[in-house]
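Student: Here is how the chains run, residue by residue.
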Amino acid sequence: DAMVIQNPRYQVTQFGKPVTLSCSQTLNHNVMYWYQQKSSQAPKLLFHYYDKDFNNEADTPDNFQSRRPNTSFCFLDIRSPGLGDAAMYLCATSTPRTAAYEQYFGPGTRLTVT
Amino acid sequence: AQSVSQHNHHVILSEAASLELGCNYSYGGTVNLFWYVQYPGQHLQLLLKYFSGDPLVKGIKGFEAEFIKSKFSFNLRKPSVQWSDTAEYFCAVNLFNDYKLSFGAGTTVTVRA
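Order-wise, the sequence lines are chains A and B.
Okay, so the first sequence: first residue is 1 according to our numbering, each after it adds one.
Okay, so the second sequence: first residue is 115 according to our numbering, each after it adds one.
FYI, nobody ran anything at the bench for these hints, they're computed from the structure.
All values derive from a computational prediction rather than experimental measurement.
Among the hints, a few may not be true.
35 Å max Cα-Cα, derived DSBU-like pairs, lysine-lysine [unchecked claim]:
no.: 1; chain 1: B; residue 1: Lys172; chain 2: A; residue 2: Lys38
no.: 2; chain 1: A; residue 1: Lys52; chain 2: B; residue 2: Lys214
no.: 3; chain 1: B; residue 1: Lys185; chain 2: A; residue 2: Lys44
no.: 4; chain 1: A; residue 1: Lys44; chain 2: B; residue 2: Lys163
no.: 5; chain 1: A; residue 1: Lys38; chain 2: B; residue 2: Lys163
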């Protein structure tokens, strides 16, 4: 089945130690998104790629970076995680081939910062 | 500023009760509207969407939603809930041809057996 895959599902990192989260998709969608979701809150968009074009949200901290080496993969790099970065990180995809750009979400990676 | 408002933060129901969750948005243009559900420990899934046509849309698991343009609303309904409907429900909106979603704060629905 076509899907959005995130690895790892759970990640523990130390304060200040760089961490990379990965997302892959078999949907061949143009757009890939990274969201941060804290407990009982709405997902907060960090940035997205439309094909190779990177789009950063204005309030995304510089600590967060992303790479998309090809259509299928997208990475979220947190250069120096702080305690406040502990959250669920969601990857999503969409395509203009659907009528409404609905987004398809992966299962998320839960990041713990110790 | 554009926003999406969900009226209820937490709803508690008994099985077989009817459910209605409110959603209002403040966008002025043509919009696409979505309801997503997040079951405990699972990923966000699309319940239903509206982008054109019949304003009453039916989704998975017996859910439906009605788009009322004059009220800027897209309320979610289910006539008879089950324990398995316990989840977090998010309303989301994007502008026509815009691929960025704005989410509401979410409503936690707890269904008691």
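Student: If a hint holds in the structure, say so; if it doesn't, say that too.
Tutor: For each hint, the structure was consulted:
At roughly 30 Å between alpha-carbon atoms, Lys172/B and Lys38/A fall within 35 Å of each other, so this suggested pair holds. Proposed proximity of Lys52/A and Lys214/B is supported: the alpha carbons are some 16 Å apart, at most 35 Å. For the hint linking Lys185/B to Lys44/A, the alpha-carbon distance of about 26 Å falls within 35 Å, and the restraint holds. Distance check on the hinted pair: Lys44/A and Lys163/B sit about 20 Å apart at the alpha-carbon level, within 35 Å; holds.
Restraint check for Lys38/A and Lys163/B: the C-alpha separation of about 24 Å stays at or below 35 Å, so the hint holds.
Of the numbered hints listed earlier, not one is contradicted by the structure.
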